[in-house]
Amino acid sequence: MRELDEFELRKFVAPEFVFGFEARKLAGRYAKNFGARKVLVVTDAGVMAAGWTDDAIGYLRSEGIEYAVFDGVTSNPKAAEVEFGADFYHKEGCNAIVAVGGGSPMDCAKGIGIVCTNQKSIVEFEGVDQVEFPIPPLICIPTTAGSSADVSQFAIITDTLKRSKFAIISKMVVPDVALIDPLTTTTMDAALTASTGVDALCHAIEAYVSTAHSPITDLHALQAIALVTSSLVRTIRKPDDVLLRGRMMLASLEAGLAFSNASLGAVHAMAHSLGGLLDCAHGECNAILLSHVIAFNFEFAQERYVEIGRAMGLESGGVAPEKALSALRAELARLSQAAGTSYSLSQLGVSRGDIPGLAERAMSDPCIFTNPRQPTLKELEAIYEQAF
Amino acid sequence: MSKLSDTDEMWRAQREKIIGLGERSLRKTYYPELQQKLDELERFRALLDQSNDFIFLIQAATLSVIDVNDSACRQLGCSREEVFSWPLANSLPEEALARIAALVFSGHGEDTITTQLIGRTGTTLPVEITMRLVTFNKTLYGVAVARDLTERKRSEKALLEHSRMLHDMELARQIQLSLLPLVPPQVPGVVLAGSCIPATHVGGDYYDFYRREGDVLDLVIADVSGHNIGAALMAAEVRSVLHAEVHSFCNTGEILSALNEILFEDLSQAGLCITLAYLKFDALTRTLTYSNAGHPPALLSRNSRTPCRELDAEGLILGVKKEVFFEEKQIQLQSGDLVLLYTDGITEAENDVGELFGCARLCNLLRGMHACRPGEIIDAVRSKVEQFTGTNTMVDDVTMVVMKVM
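Which chain is which? The protein sequence lines are A and B, in order. Note that our numbering gives residue 32 to position 32 of the first sequence, counting from 1, and the numbers run on in steps of one. Note that our numbering gives residue 414 to position 26 of the second sequence, counting from 1, and the numbers run on in steps of one.
Do not take every clue at face value.
Lysine-lysine pairs mimicking BS3-like chemistry, simulated, CA-CA at most 30 Å apart [said to hold, decoys possible]:
#1 A/Lys-120 / B/Lys-425
#2 A/Lys-11 / A/Lys-91
#3 B/Lys-405 / A/Lys-38
#4 B/Lys-405 / A/Lys-162
#5 A/Lys-91 / B/Lys-405
#6 A/Lys-25 / B/Lys-710
#7 B/Lys-405 / A/Lys-32
#8 B/Lys-425 / A/Lys-38
Honestly, the hints are just simulated from the structure, not real lab data.
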């Protein structure tokens with residue numbers, strides 16, 4: 001059976017992407033070629049302050065394309081922000097979207113696109129393949145090396161009423177083009193560099209052990225793991241090293257290609273649940289949970305975790321499974337320590353009373369369905385407990 | 389293999405969908421929507437092409453045609469592509485072009501221009517152009533809808549002509565009526581009445597009285613074939629000839645012979661003929677002399693008991709032959725006698741089953757009216773005929789003359 005499993009049906013969807021220094025400068029040309037007349041630029045205050053929004057607008061203007069800026073996106077974008085953005089899009093008479101920023105503006109831009117053409121509230125698109133009509137042309141200029149929303153079929157939106165995050169998974173929300181310019185990440189501070197980097201690592205690890213992984217996603221996942229391991233800490237120390245920034249950006253892209261197609265696992269299911277409750281940084285939540293989830297999953301994907309260890313530079317030949325697990329967890333802890341993302345749930349402000357609710361939400365998150373081990377509610381609660 | 393639990397089954401299904409094997413796992417494509425829009429557009433174009441109006445979309449900045457419907461292409465005699473390179477100045481007179489340019493310059497509103505559309509081969513068509521300015525994607529356009537005015541002009545003209553003709557015909561009717569005796573002459577010993585109602589504005593019926601010296605009265609009734617303007621003109625001619633000639637002859641037969649000879653050329657040329665009855669009454673002797681040119685014979689009713697008598701005499705319809713002899717007959721009238729002269733509009737009046745009013749019915753009617761005055765008799769006959777046909781619009785001219793001997 002296992003031999004046949006190797007060629008189970010798999011699909012691989014990736015947008016057109018341009019990777020490299022100054023890729024962002026193609027924004028105007030792409031917008032024009034997509035038939036854009038007026039573009040809604042979706043961004044956030046941090047990216048505006050760093051100057052990347054104005055930078056992108058300049059390329060639109062030089063092609064004579066009009067624009068309207070929506071910079072009201074907050075981290076963990078809220079359903080209300082999506083609805084507001086969609087209204088704004090219509091009011092301004094836009095016909096295309098350019099997202100400039102990290103995961104939040106990009107996910108929000110996807111949500112705006114969905115609402116614009118599907119004419120329903122964003123909360124109605126929760127789940128897989130719920131988007132009926134294609135969204136307007138969407139150009140993404142990522143400014144973090146982690147989320148990879150610019151290449152993924154995921155959009156994570158926060159429902160503030162329910163205090164939870166929900167995932168929209170649809171090939172319809174894959175952007176039309178990602179202009180991935182590592183230079184945009186040079187303005188990230190150490191904390192953001194660290195948390196987004198760890199996010200990319202989590203994407204790669206979860207995609208690699210996912211039950212929906214494929215030979216193609218495996219290649220990208222392992223490459224991403226190796227790149228983050230070798231470059232993250234050095235990048236934090238030398239934030240202006242564009243070569244290191246480029247490697248982290250490539251790691252993020254490859255992790256994105258892997259997880260968009262192989263999906264994720266319990267770390268993300270549980271992190272989404274946490275982010276919805278606390279509005280905390282997605283990368284931080286992942287970092288806290290990763291090691292504990294690996295311990296829980298280990299015996300169900302032992303060989304794959306060993307392979308991950310090898311990609312991180314760990315000795316693998318003839319090592320006993322328990323040894324391999326502890327070595328992997330130790331390496332992750334070391335990396336986390338060095339990057340400065342070593343936290344616990346209690347530090348995020350979670351109380352033990354929140355755990356049953358968190359676990360329940362995580363059980364219904366689409367990411368859970370590709371976790372190598374099918375957990376029970378109690379088991380998820382136990383993992384949250386361990387992360388305290 | 390162990391049986392999968394419900395949870396396992398749900399997990400498997402969700403995983404399949406996430407992998408992208410769900411039925412609706414579709415990468416973004418605008419093509420289905422595009423196809424649908426194109427279909428809609430094609431349908432809409434068919435709609436415009438079906439219009440009889442000529443529709444032009446004009447780019448305001450250049451005053452050039454950038455879209456047209458099929459009707460416009462057909463009218464201009466160009467293909468769609470040719471229309472686009474065909475300057476508007478070639479299709480419209482200068483004034484119309486100036487109006488369009490002025491509207492475009494003003495930047496808003498609409499204008500309705502009555503002008504001509506010039507085809508490629510120089511053909512012109514009267515049109516009314518309604519032009520409105522619209523903005524699509526920040527570009528100003530004019531939508532010009534030109535409507536063919538040919539039919540409207542034609543019907544306007546026809547209407548005008550019709551009303552002019554009606555006016556002329558009314559005038560002719562007035563003239564024709566004025567040619568009939570206004571009131572019958574006063575002759576001792578008889579009471580007279582006459583009436584002529586043309587079926588249309590004018591008719592070919594005619595009656596008249598001529599007073600001679602010594603209380604002698606001539607009565608004439610005539611029916612020119614047809615009841616149109618030609619018949620009316622001929623009736624007028626009959627009247628003129630009679631007025632001129634009546635005193636040159638004493639005998640009724642001679643009068644008819646002369647009349648026939650004079651009118652013969654005109655009648656043959658016009659392809660018309662006339663029936664005519666001519667009677668002469670001497671009030672002093674109460675003798676009635678009469679001749680007939682193929683006209684329904686006058687009816688004589690002596691009393692209510694005896695049948696009417698037809699006062700017929702040999703003679704050919706006028707206009708058939710140049711020289712004709714007309715027999716002349718005489719009868720002695722007495723007090724109470726009624727003489728009715730009429731045209732076939734009465735006896736040939738039809739009811740809805742195709743039955744004719746006929747002479748017998750007319751005779752019986754006349755016999756029963758010895759107590760009435762001539763005018764009343766005429767009214768009674770007319771109302772009986774109307775009753776019989778069920779309508780008061782006659783298909784033929786209806787003329788009667790009644791003489792009552794006192």
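Just to be careful, I want the Cα atoms of B/Lys-405 and A/Lys-38 compared with a cutoff of 30 Å; is the pair within it?
Distance of about 35 Å is beyond 30 Å: violated.
Take the C-alpha atoms of B/Lys-405 and A/Lys-32, compute the straight-line distance between them, and say whether it is at most 30 Å.
violated (34 Å)
Is the Cα-Cα distance between B/Lys-425 and A/Lys-38 30 Å or less?
holds (21 Å)
Below or equal to 30 Å on CA atoms is what counts here, so check A/Lys-25 against B/Lys-710.
violated (112 Å)
Check whether the Cα positions of A/Lys-120 and B/Lys-425 lie no farther apart than 30 Å.
holds (21 Å)
Straight-line alpha-carbon gap A/Lys-91 to B/Lys-405, limit 30 Å:
violated (35 Å)
Just to be careful, I want the Cα atoms of A/Lys-11 and A/Lys-91 compared with a cutoff of 30 Å; is the pair within it?
violated (38 Å)
Are B/Lys-405 and A/Lys-162 close enough, with their CA atoms no more than 30 Å apart?
At roughly 25 Å apart (the allowed maximum being 30 Å), A/Lys-162 and B/Lys-405 satisfy the hint.
Hint violations for this structure: numbers 2, 3, 5, 6, 7, all remaining hints satisfied.
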